[in-house]
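Novice: Line by line, the protein sequences are chains B and D. Using the numbering used here, read the first sequence as starting at 1 and increasing by one per residue. Using the numbering used here, read the second sequence as starting at 1 and increasing by one per residue.
Everything labelled a hint here was simulated from the structure, so no lab data went into it. Heads up, a few of these hints could be off.
[Stated by the list, open to error] Here are the simulated EDC-like pairs of lysine to aspartate or glutamate, each with C-alpha atoms no more than 16 Å apart in a straight line:
1) B/Lys67 with B/Asp18
2) B/Lys41 with D/Glu41
3) D/Lys51 with B/Asp85
4) B/Lys71 with B/Glu24
5) B/Lys44 with D/Asp98
6) B/Lys40 with B/Asp85
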Amino acid sequence: DTAVSQTPKYLVTQMGNDKSIKCEQNLGHDTMYWYKQDSKKFLKIMFSYNNKELIINETVPNRFSPKSPDKAHLNLHINSLELGDSAVYFCASSQDGRADEKLFFGSGTQLSVL
Amino acid sequence: GQQLNQSPQSMFIQEGEDVSMNCTSSSIFNTWLWYKQDPGEGPVLLIALYKAGELTSNGRLTAQFGITRKDSFLNISASIPSDVGIYFCAGHLRNNNDMRFGAGTRLTVKP
Chain B
1 DTAVSQTPKY
11 LVTQMGNDKS
21 IKCEQNLGHD
31 TMYWYKQDSK
41 KFLKIMFSYN
51 NKELIINETV
61 PNRFSPKSPD
71 KAHLNLHINS
81 LELGDSAVYF
91 CASSQDGRAD
101 EKLFFGSGTQ
111 LSVL
Chain D
1 GQQLNQSPQS
11 MFIQEGEDVS
21 MNCTSSSIFN
31 TWLWYKQDPG
41 EGPVLLIALY
51 KAGELTSNGR
61 LTAQFGITRK
71 DSFLNISASI
81 PSDVGIYFCA
91 GHLRNNNDMR
101 FGAGTRLTVK
111 P
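I would like the entire structure built from these sequences, with the hints used as guidance.
Specialist: Set out below in structure tokens:
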């Protein structure tokens, strides 16, 4: 009954590869997010989706592309992976997408680019 | 860039001690939230604050929304080993449409 679930938990890959991380929420929330947590544990928002529309797109490389087949899913595709992409990526959701809302996070995907 | 200053960066305490951490900013916030991240997991919401001066408790945790709306603190009383983790403050800026996170306070509790 996990509220926000993401897969895989760990992802180890070579530079230049393309990979995807999947996320699903069963909370009935309208908005989903992707956050990146660097080695210093700093959390930075990457994207959010509300009803299949991108509403926040921070200054991330265009190698990163979120894809949402429906409001319960938000996948993250990464092309041409680079060493600096190594981090923990968290999916999250909130009820309506208001900036002051509580966020519900997944357990993270630790990406290691070799 | 980051607009929240969270301190301390880390704390090492003995079981049973009280803990205090805070977040400050030069900007005015409409909302403060406190999250805890256990190792290998995502952050989990502890307390949400929506009004200046608001004081809210959740078990042994107490958090306050600063009266100037530029700061917030989180206290943990009578710490126990399972309090170990990273505590994040997060705030919604008054004139901004996203949530900003502090850099986190890493708490270690020695039995």
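Novice: Evaluate each hint against the coordinates.
Specialist: Comparing the hints with the structure gives:
{"no.": "1", "hint": "B/Lys67 with B/Asp18", "verdict": "14 Å, holds"}
{"no.": "2", "hint": "B/Lys41 with D/Glu41", "verdict": "12 Å, holds"}
{"no.": "3", "hint": "D/Lys51 with B/Asp85", "verdict": "38 Å, violated"}
{"no.": "4", "hint": "B/Lys71 with B/Glu24", "verdict": "9 Å, holds"}
{"no.": "5", "hint": "B/Lys44 with D/Asp98", "verdict": "11 Å, holds"}
{"no.": "6", "hint": "B/Lys40 with B/Asp85", "verdict": "14 Å, holds"}
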